[in-house]
Amino acid sequence: MKLPATSSSKAPVKFRMPTEDNLVPIRLDIETEGQRYKDAFTWNPSDPDSEVVVFAKRTVRDLKLPPQFITQIAQSIQTQLTEFRSYEGQDMYTAEKIVPIKLDLRVNHTLIKDHFLWDLNNYESDPEEFARTFCNDMGIEDPEVGPAVAFAIREQLYEIAIQSVASAREIKISKKGRRGAEHAISSKGGGNALDLMKLFRYNSSVVRKRKEWYVYEPIVDILSNEEVDALEAREDRNTR
Amino acid sequence: MEMPQYDPNTKPEFELYTIPSHSSWFRWDDIHETERTALKEFFDGSSISRTPKIYKEYRDFMINKYREEPSRRLTFTQVRKSLVGDVSLLHKVFRLLDEWGLINFGAVSRGDDSDNRDSSLGDTELKNQVKIEEGAPNGVRVVALPNSLKPISVPNSGADGSGNGKVVVAGETGVKLPPLTSYLDVFGDLVKLKGFKCGSCGEQCNSGCYEYSKGSFVICEKCFKNGNYGEDKSKDDFRFSDLGGNSLTHGATWTEAETLLLLESVMRHGDNWELVAQNVPTKSKLDCISKLIELPFGEFMMGSAHEMNSSSCPTGSLNSLKEGQSASSENQNDVKMEDQVHDQMNESEQNGDAATEEPPAKRKRIAPLSDGGSSLIKQVAHISTMVGPHVTAAAAEAAVAALCNESSYPREIFDGDEDYLANGLLSPTMVSDPERALQVDASKMEENQSETQDASSEKNDVPLNLRIRTATATALGAAAANAKLLADQEDREIEHLVAIIIETQMKKLHSKINYFDDLELIMEKEYNEMMQLKECLVEERIDVLERALKTGVSKWRS
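Chains C and F supply the protein sequences, listed in that same order. Per the UniProt record's numbering: the first sequence = residues 1 to 240. Per the UniProt record's numbering: the second sequence = residues 1 to 558.
Mixed in with the good hints there might be a few duds.
Said to hold, decoys possible - Partial selection, computed: residues in chain F whose CB lies under 7 angstroms from chain C:
no., residue
1, E57
2, V84
3, V87
4, S88
Unchecked claim - Capping the alpha-carbon separation at 25 angstroms, the derived lysine to any residue pairs in SDA-like fashion look like this:
no., chain 1, residue 1, chain 2, residue 2
5, F, K81, C, D236
6, F, K40, C, V207
7, C, K113, C, L28
8, F, K81, F, W28
9, F, K56, C, Y214
10, F, K92, F, A107
11, F, K56, C, K113
12, F, K65, C, Y216
13, F, K40, C, D62
14, C, K209, F, K291
15, C, K64, C, D236
16, F, K92, C, E155
17, F, K291, F, A487
18, F, K81, C, E129
19, F, K81, C, P67
No lab work stands behind these hints: they were computed from the structure. Glycine is no exception: its CB is placed at the ideal position from the N, C-alpha and C atoms.
I would like the entire structure built from these sequences, with the hints used as guidance.
Encoded structure:
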């Protein structure tokens with residue numbers, strides 16, 4: 001369900017991804033029989049669940065994985081979907097919140113570090129479009145980078161949405177018709193939300209100081225093979 | 001279009017930026033209705049982060065950022081790092097400005113979709129960018145050997161000109177070049193081969209060498225004479241190959257002066273090759289003869305020279321012929337011999353008057369005929385010089401008939417010969433036939449050697465001998481004559497064809513020239529038109545500028 005962007009920030013809204021397409025970020029990391037399958041993609045929760053198994057089967061066939069993976073993949077996807085759906089019925093406050101989003105990911109040979117602001121209240125935001133522009137501007141040719149960036153953004157938004165649901169619950173509990181609910185929301189609704197008051201004051205410029213530009217500048221590195229191997233080894237060590 | 005504030009002290013700087021005419025509503029000081037409708041978020045007061053003031057700041061910053069460098073295309077990523085706010089919203093503003101041409105209007109274009117990554121031809125930025133890839137590409141191992149191949153890295157062409165994230169390629173090709181070779185390395189062997197070195201004494205064999213027939217062993221003349229044949233080789237195994245007197249390779253460099261001398265001396269001395277050779281100091285007799293023959297008119301010279309000298313020519317010709325024969329190797333002299341023979345025939349034909357002298361002269365010449373050591377062809381040559389043309393022609397048929405009567409083999413051959421001889425035409429293939437016939441005759445010749453000695457003996461012998469001689473001589477001579485005719489014809493044909501080719505080329509060139517002339521005319525006209533157009537445009541431009549300057553808009557300063 002889409003709400004107009006000008007909706008009041010005070011009213012709680014039903015949980016959903018604060019993006020134009022309400023897609024769930026799904027991450028898979030399955031290891032069986034010495035084979036490891038890592039993947040990350042977005043799933044449309046309005047798809048019927050039967051699609052999950054179909055998708056799992058197709059993936060296993062395409063990647064020539066052993067058939068044990070089918071059930072595991074389907075299970076994992078299902079779990080994450082159910083989790084998402086559990087939030088759906090609940091309210092969340094997405095009060096005027098502009099959150100910083102940090103990107104720190106590696107896709108094949110490309111290392112991306114970025115930092116920017118995202119408006120949670122903007123239900124028409126499109127991480128995919130952002131990713132596309134990003135890749136175009138930075139001249140990235142690896143076609144896997146765009147979707148990875150979009151996925152990373154979605155994941156973070158998802159996290160924040162979940163947090164806001166949790167906080168909304170808290171507030172509901174604690175709120176006893178207080179008037180200053182908005183302030184509470186804006187201050188508690190996410191520790192990392194920006195203080196809009198400070199930023200968008202009347203007599204302050206919205207243009208950053210030059211010395212701060214580097215903070216919000218994207219960094220794209222193309223790694224050599226050795227570096228990639230080293231990073232992968234380190235990641236494996238961390239996850240185990 | 002903007003104008004700076006008019007400062008009387010400094011010269012006004014004119015910075016004119018072009019924007020499309022449909023964006024002429026744009027004003028620095030104001031926010032136009034177009035912007036308000038497109039970006040409602042800023043103007044509905046829904047959020048403290050979105051106000052008109054903030055919008056104006058975004059907009060002005062972006063436009064100014066672009067105008068810092070109008071030729072380069074401003075990317076969203078470059079501006080978003082400098083602006084506080086939701087990136088999606090910023091992107092919306094950016095896109096609005098882009099669509100209306102307020103930014104990136106003069107910048108080089110790029111493919112809009114991420115699929116359309118190929119840069120347009122005008123995108124010089126891309127071409128200047130080079131990428132370095134560090135490390136070997138996948139699948140290639142870098143080996144620590146001096147001659148190992150380093151991978152060739154292909155430069156990637158990025159789609160845009162932003163500086164971040166680009167790496168430079170060191171385009172090192174991995175092909176190992178061989179060390180530079182010199183001419184001698186490649187051709188040294190060939191150079192060495194030209195001069196033979198004697199196998200036994202090690203000297204250069206300049207004049208003549210003896211080649212071992214069963215292998216590749218060469219000894220010089222001296223060694224041959226001295227008996228230094230080398231191990232396990234005997235005298236018979238050696239074959240003489242003359243390098244010095246080889247008229248084809250040795251002494252073949254004739255300068256113009258030498259040629260001139262040769263011609264003069266031939267004119268003067270005709271067939272007296274000794275004198276000719278003396279006059280041409282650096283060339284031997286054989287060289288003179290061969291050079292003269294090679295000259296296109298050499299044969300005519302020899303012929304005309306002979307007209308002057310009548311009596312001395314047979315002698316001279318005989319001697320020269322003999323030496324000519326001995327000088328050349330067996331393998332390569334058939335044609336020359338025929339030419340010479342033909343020449344001699346020419347001479348003898350021209351000397352038809354001397355035919356009556358023939359018989360007595362013949363008798364004198366009979367003694368040399370006994371030289372059985374010389375080859376058959378030489379003998380035939382001998383004979384042909386001695387025999388007059390009329391006698392030759394008359395006796396040819398008789399000789400053929402006589403030979404046919406004696407055995408069937410020559411009949412086969414000569415039956416073929418007869419027809420040809422009768423018609424006066426000979427195909428070149430007949431050259432081999434006469435030779436075969438000659439070989440058959442060889443035995444008979446030797447049989448009749450004794451008879452020929454006694455010239456004044458029975459008349460039967462003379463006709464028989466005559467017949468034999470004339471038959472062989474005629475056959476050979478006719479073959480030679482035919483060959484020459486054919487050669488002449490070929491020459492003429494070649495000349496004709498060359499002339500045709502040259503003519504065609506000329507025509508081609510002429511038509512090309514005409515075409516280019518026409519083209520030039522057209523180009524001149526076009527050029528004139530362009531000049532006129534240019535003038536018009538300049539006038540218009542001046543007009544526009546005048547008007548623009550008159551309005552006096554002040555330039556916005558950041």
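Going through the hints against the structure:
no.: 1; hint: E57; result: holds (5 angstroms)
no.: 2; hint: V84; result: holds (5 angstroms)
no.: 3; hint: V87; result: holds (5 angstroms)
no.: 4; hint: S88; result: holds (4 angstroms)
no.: 5; hint: K81/F to D236/C; result: violated (33 angstroms)
no.: 6; hint: K40/F to V207/C; result: holds (21 angstroms)
no.: 7; hint: K113/C to L28/C; result: holds (22 angstroms)
no.: 8; hint: K81/F to W28/F; result: holds (23 angstroms)
no.: 9; hint: K56/F to Y214/C; result: holds (23 angstroms)
no.: 10; hint: K92/F to A107/F; result: holds (20 angstroms)
no.: 11; hint: K56/F to K113/C; result: violated (29 angstroms)
no.: 12; hint: K65/F to Y216/C; result: holds (17 angstroms)
no.: 13; hint: K40/F to D62/C; result: violated (47 angstroms)
no.: 14; hint: K209/C to K291/F; result: violated (96 angstroms)
no.: 15; hint: K64/C to D236/C; result: holds (22 angstroms)
no.: 16; hint: K92/F to E155/C; result: holds (23 angstroms)
no.: 17; hint: K291/F to A487/F; result: holds (18 angstroms)
no.: 18; hint: K81/F to E129/C; result: holds (17 angstroms)
no.: 19; hint: K81/F to P67/C; result: violated (47 angstroms)
Comparing the model with each earlier hint shows violations of hints 5, 11, 13, 14 and 19; every other hint is respected.
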